[in-house]
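Enquirer: Spelled out, the chains give:
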Amino acid sequence: MKGAGSASAGPGSRDQAPDAKISISGVHRTFAADTADPVHALGPFDLEIADGEFACLVGPSGCGKSTLLRIVAGLIRPSQGEIEINASGSSSAPLSVVFQDYSIYPWKTVERNVSYGLEIQGMRKKAALEKSRRWLAKMGLEDFARAYPDALSGGMRQRVAIARALAVEPEILLMDEPFAALDAQLRQLLQDELLDIWQADQRTVLFITHSLEEAIVLGDRVIVMTSRPGRVLESFEVPFPRPRKPELRDTPEFSKFKAMLWESLKGEVQHYLSDVHGAMSDAEGQR
Amino acid sequence: MRALKKGAEPGPGRIRRVPGAAELAPGRSSRRRRAVELSLAILFPVVLIGLWQTASTLDWIDARLYPSPFDIAAKTRDLFSERDLAEDVWISVRRILWGYFWGALGGLSAGIGMGMFRLMRRTAEPTLIALYTVPKLALLPIYLTVFGFGETTVIALIATTVFFFVWLSAMAAVMAVPEEYREAAHSFGANRRQLFHHVILPASLPQIFVGLRLAAGVSVLMIVGVEFVLGGDGIGHVINGGRILGLIEQTYVGIAIVAVIGVIFTALVRLAGRLASPWSTEDGGQPIA
Ligand SMILES: Nc1ncnc2c1ncn2[C@@H]1O[C@H](COP(=O)(O)OP(=O)(O)OP(=O)(O)O)[C@@H](O)[C@H]1O
Ligand SMILES: [Mg+2]
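Protein chains in written order, with this note's numbering: chain A, 1 to 287; chain B, 1 to 289.
Wrong hints could be hidden among the right ones.
Calculated from the model, a selection of chain B residues having no Cβ within reach of chain A, i.e. all distances over 12 angstroms [said to hold, decoys possible]: (1) SER29; (2) ARG32; (3) GLU37; (4) GLN53; (5) ARG64; (6) ASP71; (7) ASP84; (8) ALA203; (9) GLY241; (10) ILE264.
Have a look at the derived ranges for each label pair, beta carbon to beta carbon [to be verified]: (11) ARG146(A) x ILE264(B): 30 to 38 angstroms; (12) SER25(A) x GLN194(B): 26 to 34 angstroms; (13) ALA86(B) x SER153(A): 51 to 59 angstroms; (14) PHE117(B) x LYS256(A): 50 to 58 angstroms; (15) PRO243(A) x PHE117(B): 46 to 54 angstroms; (16) GLU142(A) x SER109(B): 34 to 42 angstroms; (17) ARG28(B) x SER255(A): 55 to 63 angstroms; (18) ARG122(B) x THR30(A): 23 to 31 angstroms.
Treat the hints as calculated values from the structure; they're not laboratory data. As the structure is a computational prediction, the values presented were derived from the model and not from experiment. Where is the CB? At the ideal position from N, CA and C, for every residue including glycine.
Take the sequences, apply the hints, and build the full model.
Expert: Here it is, written out as structure tokens:
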């Protein structure tokens, strides 16, 4: 395999796949819409994610990635447009979320944090606890099953959040920078674990990250977003076959592909930074 | 550069980090710390009472107007045998407990309900705030008309006082539950009952108990006021009776007993809070493992 894969430009340029798991069309989101200064966070956003696809979303900070994910998760509504999710019903949970800020509960022990999601979906307490311990073991947390989260490190808490989302075995997994707080070694371990889980059951994954490397190692496709309001800037098929080995990162093809992604993203990040600087010098000027 | 003192750490830039007593013998040092804390908590009032006793013995203060702690203690013993003080104490405690129970129940329901449902809050909040500012003792004549001259009136008045404290703190606590906590539960498809059970209640419980503890103290304040005015029986009546009959020692006995009731009641509510929210470090405790 050589060099860069197919890069298709612009939103909506991907063929309308009949077996799309998630299809997002013309989605906008505006915050504080009823005030004097509304924030247009997202849109128009168009994207199709195929069944079993691992899609990675990258983009400058504040471009609306978390917003998009929360709309897909059904936690907030789009201001415009629509999203269609084809749930097959093969799992009790159509989708589950790993949040950017852990949002695990300090009042529940680690194992109860994982099991309560299962209980909400109707599993008996005992079975839920058993399953919860299995997933905690996979995350290397079996010794902390009965501890409260306050006694855990940031990375350990994030692993609890991941175990919680995976334990319900959802058809679609939505992950918002799940590995951002982890050290490099653990990050790689969990990336491998995630790939195993994904390949075993062919779940659909929408994965937000700031790391281009992570996006390339994990994803079938990397979608680059514009700065706010976020739109699809470009979409890249990742050309590397699976299973991908860690050494892949050291190959020239990898670097070349990463450089191409960065080239696409760079303009947006600069755009974002100049906005920030502009705002700062405006504030200076007012003094 | 600063000159090295004799016996100081070697080298000007070297800083050592070594285990202290707490690290070298963790069990013993935490036991000792607890013992010290407890002794201080007891010693402090004992010293204050000692000062008072000394001032009285040395005639710095007039013992007829300000009886000494020894005299008060002796009088307490007498009153328990002569006047059946225990009866009055028990009457007051029973009123406090019933009033607190109903007030807390109402306050929790209203506070949590209004915290969870915006429409309920918008509807009732202005009215409740208006009522909150009414001095509860001023309601006594009205309650006497409604509930008659008896236990119900006293209990209702305590309950009303407790209600407002608990209501306000519960509502604020529920509204302060972070959105991320709710979203995490929603993402698993939790319904309202599950959201309440798994998230809203535990997340707000430590703050709610702050309100419950405040209300415990206030309910004791209130019983004294009510019995003061109504007379008949109860610890407030004992205090007021001392004033009317010129038995100044009796008044002090009453005050001391009220203080003890307040301390015990508040401590019990705190204990309940610790048991109900074992993960919490809110009131300065360690999580109960
Ligand atoms: N609840 C809200 N109210 C008002 N504005 C919001 C709200 N949530 C998000 N925004 C705004 O929407 C924009 C996009 O936010 P979002 O969290 O989606 O960014 P992001 O791409 O996830 O950024 P990051 O990479 O830093 O996590 C930001 O400008 C943010 O200020
Ligand atoms: Mg985000």
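Enquirer: Next, verify each hint and record whether it holds.
Expert: So, going through the hints one by one against the coordinates:
1. SER29: Fine: 20 angstroms to the nearest Cβ keeps SER29(B) off the interface.
2. ARG32: Holds: least Cβ distance 24 angstroms, greater than 12 angstroms.
3. GLU37: holds, 22 angstroms
4. GLN53: GLN53(B) is indeed farther than 12 angstroms from all Cβ atoms of chain A, at 46 angstroms.
5. ARG64: holds, 56 angstroms
6. ASP71: Holds, because the least Cβ-Cβ distance between ASP71(B) and chain A comes to about 50 angstroms, which exceeds 12 angstroms.
7. ASP84: holds, 47 angstroms
8. ALA203: With a cut-off of 12 angstroms, ALA203(B) comes too close to chain A, as the shortest Cβ separation is near 7 angstroms.
9. GLY241: Non-interface label on GLY241(B) holds, nearest chain A Cβ at 48 angstroms vs cutoff 12 angstroms.
10. ILE264: Holds, because the least Cβ-Cβ distance between ILE264(B) and chain A comes to about 28 angstroms, which exceeds 12 angstroms.
11. ARG146(A) x ILE264(B): 30 to 38 angstroms: holds, 33 angstroms
12. SER25(A) x GLN194(B): 26 to 34 angstroms: holds, 32 angstroms
13. ALA86(B) x SER153(A): 51 to 59 angstroms: Holds: the Cβ-Cβ distance is about 55 angstroms, inside 51 to 59 angstroms.
14. PHE117(B) x LYS256(A): 50 to 58 angstroms: Taking Cβ atoms as reference, PHE117(B) and LYS256(A) lie about 57 angstroms apart, which means the hint holds.
15. PRO243(A) x PHE117(B): 46 to 54 angstroms: holds, 51 angstroms
16. GLU142(A) x SER109(B): 34 to 42 angstroms: holds, 41 angstroms
17. ARG28(B) x SER255(A): 55 to 63 angstroms: holds, 59 angstroms
18. ARG122(B) x THR30(A): 23 to 31 angstroms: Given a distance of about 25 angstroms, which is inside 23 to 31 angstroms, the answer is holds.
Of the numbered hints listed earlier, the single one contradicted by the structure is hint 8.
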